[in-house]
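Keeping their order, the protein sequence lines are chains A and B.
Position 33 of the first sequence, counting from 1, maps to 33 under our numbering, and the rest follow consecutively.
Position 69 of the second sequence, counting from 1, maps to 69 under our numbering, and the rest follow consecutively.
Do not rely on the hints blindly, as some may be mistaken.
[Claimed, not checked] Each computed BS3-like pair below joins lysine-lysine, with the alpha-carbon atoms no more than 25 Å apart:
1. B:K61 - B:K32
2. B:K41 - B:K61
3. B:K61 - A:K12
4. B:K61 - A:K154
5. B:K32 - A:K16
6. B:K41 - A:K16
7. A:K16 - B:K61
8. B:K32 - A:K12
9. A:K202 - A:K63
10. A:K12 - B:K41
[Said to hold, decoys possible] Facing chain B, from chain A, some residues (calculated, C-beta under 10 Å):
11. V10
12. R28
13. A32
14. P156
15. N160
16. R191
What the hints contain is simulated information worked out from the structure, not anything from laboratory work.
We treat Cβ as the ideally placed atom computed from N, Cα and C, and that holds for glycine.
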Amino acid sequence: MTLEPRLVEVRKNVLKQNDVLARALRERFREAGVLAISLVSSPGAGKTAFLERTLTLLHTRYKVAALVGDLATENDAARLARSQAPVQQIITGTVCHLEAAMVQNALDGWNLRDLDFLFIENVGNLVCPSSYDLGEDLRFVLLSVTEGEDKPLKYPTIFNSADVAIITKSDLAAAVEFDEVLTRRNIQAVRPGIQVLKLSAKTGAGMPDFLEFLERLHPRSHRAAAVAK
Amino acid sequence: MHELSIAMSIVDLACEEAEMRGAPGVDVVYLKLGPLSGVVKEALLFSYEIACQQTPLEGSKLLIEEVPIVVNCPVCRERRSVQSTQSLCCAICGTPTPEILEGRELMVTAMELRP
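Please model the entire structure based on the sequences and the hints provided.
What follows is the structure, encoded as structure tokens:
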């Protein structure tokens, strides 16, 4: 009998539990035919305004709903409810990001087959949310023109984890001398090939293109069927 | 700062593995950490000590191996390292390469169990 320490191989992902839940959610979204999109950005980049506008515009033609994560308040849910779409607040307490289990709990009792689009607004944070898969089909990272062109270089991990980048508050671009070319170059440096859209939720500029883009993504949309042909 | 919750997940995972193998405790946990995991090494080491308190892992060490980003370069058609996390281009030919093969690791690879 030996009293030496024993070295054993493990090879397990630390976030295995979250990954298992996220995979189950993704499968649930797929089966229900709902396109799940999560939004990540720094605090104040305009996620809620963007989502309110998007829900309002989509609401007339599609069944849409949103989950919205926040540390403490239900203010965002109250704002988003003005769009008439079902909205569920997830209060994370001191947790600085959403996890798959929180999404699963928030969706308890929901019939996802009733939905075309589900938006999941993460807590405003460009660091922690990058580690957690929420089961979303697509992750949108938002970057407002007021934030500085080098933000993608400062937070490469979250930009790299995203599927689409959206430049928000384009109506303020001139006032802050926003360098769009440089910003796009920085986004592409950390996530080569990513699609970048630019819009203003306030004026509505760029929203029609964005909606068309969303419709093309949806598995049940006529446009998607047309593209597939 | 989500490293404390990550550290607690590591402790849970290690406790479970130790128990499964009938070990009374753990001396060392080996962790592979990629630059795209979203986890900061220093913050994790700091949090680990706190997360271990009053668990079978109390007094154990976390040994972190930082692994580089590896991409599949479409031009070289080879596994390549990148210029930097800020520039995901093939380190050899400079082609931007979105296909990441390694670099997101946050994995417990091994443990030293107390006899």
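Against the structure, the hints:
1. B:K61 - B:K32: 14 Å, holds
2. B:K41 - B:K61: 13 Å, holds
3. B:K61 - A:K12: 18 Å, holds
4. B:K61 - A:K154: With a Cα-Cα distance of about 30 Å, the restraint between K61 of chain B and K154 of chain A is violated, given a limit of 25 Å.
5. B:K32 - A:K16: The hint holds at about 14 Å.
6. B:K41 - A:K16: Cα-Cα ~19 Å, so holds.
7. A:K16 - B:K61: 21 Å, holds
8. B:K32 - A:K12: 10 Å, holds
9. A:K202 - A:K63: Roughly 23 Å between the alpha carbons, so the hint for K202 of chain A and K63 of chain A holds.
10. A:K12 - B:K41: 18 Å, holds
11. V10: 5 Å, holds
12. R28: 23 Å, violated
13. A32: 28 Å, violated
14. P156: 5 Å, holds
15. N160: 6 Å, holds
16. R191: 7 Å, holds
The structure fails hints 4, 12 and 13 (numbered hints given earlier, in ascending order).
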